[in-house]
Amino acid sequence: MSEHSTARRSDENVNWWKTNQGIAVVLTTLFVALLGYLVSRPDTFTPLRDGFLVGFFPMASTGLCILFSLIMLVDHLRKEEMPDYALLDWKFFGFVIIAIAWAGIFFWLLVQVGYVITTPFYLFGLIYALGLRPAMSAFLAAVVISGVILAIFWIIGAPMPLGPEWLMEKWGLPVL
Amino acid sequence: MSIINVDALEMAVTMVFQWKTFMWLAIGIFMGISGGALPGLTAATSMALFLPLGFKLPTPEMLGLLIGIYKGAVFGGSISAISFATPGTPEAAATVYDGHKLMLQGKGRKAILMALYASVTADILSDLVLIVVAPLLAIVALAFGPSEKVWLVVLAVALLAALSGRHLMKGLLSAGIGFFCATIGSDPIGEVQRNTFGLWQLRDGVHLIPLVVGLFAMGRMLEEALHLMRRKNTTENLKARIGDIFSNKSEGLSIREYMSCWREMTIGFCLGTFVGAMPGLGSTVGAFLSYSAAKQFQPHKKIGTGKLEGVAAAEAGNNATVGPTLIPLLAFGIPGSSSAALLGGALTLHGFDPNPRMFELYPHAVYALFIILLIGNVFNLGIGRFFALLFAKLALLPRELLIPLVMLMAVLGCYAYQGDSTDVWVMLVFGFLGFFFRIWDIPEAPLIVTFLVAPMLEQELRRALIIQHGSWFDALFHSNLAIGLAVAAVILTVMCVRFNVMERIADASERESKAATRDVSSE
Numbered sequence: 007m008s009e010h011s012t013a014r015r016s017d018e019n020v021n022w023w024k025t026n027q028g029i030a031v032v033l034t035t036l037f038v039a040l041l042g043y044l045v046s047r048p049d050t051f052t053p054l055r056d057g058f059l060v061g062f063f064p065m066a067s068t069g070l071c072i073l074f075s076l077i078m079l080v081d082h083l084r085k086e087e088m089p090d091y092a093l094l095d096w097k098f099f100g101f102v103i104i105a106i107a108w109a110g111i112f113f114w115l116l117v118q119v120g121y122v123i124t125t126p127f128y129l130f131g132l133i134y135a136l137g138l139r140p141a142m143s144a145f146l147a148a149v150v151i152s153g154v155i156l157a158i159f160w161i162i163g164a165p166m167p168l169g170p171e172w173l174m175e176k177w178g179l180p181v182l
Numbered sequence: 041m042s043i044i045n046v047d048a049l050e051m052a053v054t055m056v057f058q059w060k061t062f063m064w065l066a067i068g069i070f071m072g073i074s075g076g077a078l079p080g081l082t083a084a085t086s087m088a089l090f091l092p093l094g095f096k097l098p099t100p101e102m103l104g105l106l107i108g109i110y111k112g113a114v115f116g117g118s119i120s121a122i123s124f125a126t127p128g129t130p131e132a133a134a135t136v137y138d139g140h141k142l143m144l145q146g147k148g149r150k151a152i153l154m155a156l157y158a159s160v161t162a163d164i165l166s167d168l169v170l171i172v173v174a175p176l177l178a179i180v181a182l183a184f185g186p187s188e189k190v191w192l193v194v195l196a197v198a199l200l201a202a203l204s205g206r207h208l209m210k211g212l213l214s215a216g217i218g219f220f221c222a223t224i225g226s227d228p229i230g231e232v233q234r235n236t237f238g239l240w241q242l243r244d245g246v247h248l249i250p251l252v253v254g255l256f257a258m259g260r261m262l263e264e265a266l267h268l269m270r271r272k273n274t275t276e277n278l279k280a281r282i283g284d285i286f287s288n289k290s291e292g293l294s295i296r297e298y299m300s301c302w303r304e305m306t307i308g309f310c311l312g313t314f315v316g317a318m319p320g321l322g323s324t325v326g327a328f329l330s331y332s333a334a335k336q337f338q339p340h341k342k343i344g345t346g347k348l349e350g351v352a353a354a355e356a357g358n359n360a361t362v363g364p365t366l367i368p369l370l371a372f373g374i375p376g377s378s379s380a381a382l383l384g385g386a387l388t389l390h391g392f393d394p395n396p397r398m399f400e401l402y403p404h405a406v407y408a409l410f411i412i413l414l415i416g417n418v419f420n421l422g423i424g425r426f427f428a429l430l431f432a433k434l435a436l437l438p439r440e441l442l443i444p445l446v447m448l449m450a451v452l453g454c455y456a457y458q459g460d461s462t463d464v465w466v467m468l469v470f471g472f473l474g475f476f477f478r479i480w481d482i483p484e485a486p487l488i489v490t491f492l493v494a495p496m497l498e499q500e501l502r503r504a505l506i507i508q509h510g511s512w513f514d515a516l517f518h519s520n521l522a523i524g525l526a527v528a529a530v531i532l533t534v535m536c537v538r539f540n541v542m543e544r545i546a547d548a549s550e551r552e553s554k555a556a557t558r559d560v561s562s563e
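Protein sequences appear in the order of chains V and L. Using the numbering used here, the final residue of the first sequence is 182, and nothing's skipped along the way. Using the numbering used here, the final residue of the second sequence is 563, and nothing's skipped along the way.
Just chain V, with the same shape it has in the complex:
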């Protein structure tokens, strides 16, 4: 019961693709594509010792998802009041893609050049994007948080690449 569920349709002003039916179309398409992929894999139909096919349960679960999506597609005929997912617009969708990509880039760089260099910049980017101003405060907050988190991970003994391997070895410092 998230707060989106409280945002209901106003009959005259609703984007169909933001309703349960729109979602159902998207999900049905995705699951049909997934089922197609599973069916196209040769190992899906390899029998196991007890007679089951290797792909039986993956295909069964995908089939169930298609069934549920299809029911959702026609469910408004029964009674469902369609919610308007006001949050879902392209600008915010873009933000989510960028936030995920930003985390991915951060992690890739973390493994390559280490925690100390990458984390403050990753945090600064996010904090600034979320609206904390001035930039110097955002950067200082990023540095402080990075330090605190590093201390916590160091205390619990969790491995974390601190810096570039070649540099750490050159300086005789531990890589993790």
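Just to be clear, a hint being listed does not mean it is correct.
Label pairs and their calculated CB-CB ranges [to be verified]:
# : chain 1 : residue 1 : chain 2 : residue 2 : range
1 : V       : Val32     : L       : Gln338    : 46 to 56 Å
2 : L       : Val232    : V       : Ile103    : 27 to 37 Å
3 : V       : Ile103    : L       : Gly292    : 48 to 58 Å
4 : V       : His82     : L       : Val527    : 25 to 35 Å
5 : V       : Ile161    : L       : Gly238    : 34 to 44 Å
Here are some chain L residues pointing at chain V (derived, C-beta under 10 Å) [claimed, not checked]:
#  : residue
6  : Leu97
7  : Gly230
8  : Met447
9  : Ala456
10 : Ile482
If you're looking for bench data, these hints aren't it; they were derived computationally from the structure. Cβ coordinates follow ideal geometry from the N, Cα and C atoms, glycine included.
Since chain V is already given, all that's left is putting chain L on it; use the hints.
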């Protein structure tokens, strides 16, 4: 099977009564109340975020940390509900009605203390119910064969899907996706690789930690970020009021006032315990049902107009679900909620696979869990009592800092889990999925629970088929109990849909919420 294994109990006491276990329990409670007080961080989010850390700790310390977070978060939500009329967690939404009105009357401190005492009282009693009921049900569950287990899982998942949100199909879709994710890796009997999308990194399947961290932490923070970008935080003008709560002028709670709410706490305990033991309903429903029942049964007390009784009913109702939500997990190996699933997952990672034989195979672990549940209440009481002001102030932490902090911990926690990059990429995928779950109002609980029970479902179904020589009908309807469970699964699901149970509860909550908001703003 004897009810109490004294040797195991002694072992459990030795395991638990260590300073490190108490330290992690205190840290858990502290983090839980902090997370609960911060709007946007739910109990499940906080537990998911600390699951990688729990994996690295010995079992009693892990249990202390996670149970502490769970108990603390369920209470912690009431602090911001009372202080700012913004529930820190969904389960504290019912506390807003009377709690915030008390705050506006200058009785904020009284309200927070009532919330704490009612929470702890109901929590202790419900833990005792768990301790008595779970072993007895586990003995019953031992009589179940493969067919019965299959239907038990189907019954639990169907109920969970029907009761987790407004829309049955969304719940079932969530369960279907959980089932699909559980099939990635290798089949549980022959260990033959399947469904890996040609990626060798997925040969061991999707690990629990990246899945839950992605769904509960990354996904939710993405949603929070959108909320933050859409509207400015409204807590600014409330900063001044926080100081009033614990000023010398502010009244505390007398024993007489606490005792005068015994009826509401009893209602909260009874309804919360029942709701907690049912798969899918959860503590939010427990709080609302208890609040509504107390209001209806005692109209002369004028609950809803800023009464301690309202706070007591809501808080007893949500905390009374904490212990009983573990009943299906410990008795049948089937988690009944996201939090129970996370605790069950943590036990599995430590080699204690939750199932009815748990009481035979690892009784010391179960007893340790029980002891920590009980001691956790004392810690919750102490930490909540002495640091309430700090937690109230913590709720003012800018979202611009909280969201990046949680996202960073999600990435680092998944990497620290086993130093495997794949876990981080998987977490990001589930973070993306979790975001859409939130936006599209699809409940996460059926996904995580089905992900955990799917291997059991598959194994038991295949075992039943082998026993019945490949006959599906005999495998599924082998006994009267199996038929009974199948019928119950169908009837209960149809009833939930037919009578729109969740929609009615949600609509009632919305109505109450609107009325409370109207009253608060008019004051």
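Hint check results:
Checked against the hint of 46 to 56 Å, the pair Val32 (chain V) and Gln338 (chain L) passes, with Cβ atoms roughly 48 Å apart. Hint check: Val232 (chain L) to Ile103 (chain V), Cβ distance near 36 Å, so the stated range 27 to 37 Å holds. At roughly 51 Å, the beta carbons of Ile103 (chain V) and Gly292 (chain L) sit within the given window of 48 to 58 Å. Look at His82 (chain V) against Val527 (chain L): about 30 Å separates their beta carbons, and that is inside 25 to 35 Å.
Look at Ile161 (chain V) against Gly238 (chain L): about 40 Å separates their beta carbons, and that is inside 34 to 44 Å. With a least beta-carbon distance of about 8 Å to chain V, the hint placing Leu97 (chain L) at the interface is held under the 10 Å criterion. Given hint, Gly230 (chain L) at the interface with chain V, holds; its Cβ is 5 Å from that chain's nearest Cβ, closer than 10 Å. For the restraint placing Met447 (chain L) at the interface with chain V, the shortest Cβ-Cβ distance is roughly 6 Å, inside the 10 Å limit, so the hint holds.
Restraint check, Ala456 (chain L) versus chain V: the minimum CB separation of about 4 Å is within 10 Å; hint holds. Interface restraint check: Ile482 (chain L) against chain V, minimum CB-CB distance 8 Å, threshold 10 Å, status holds.
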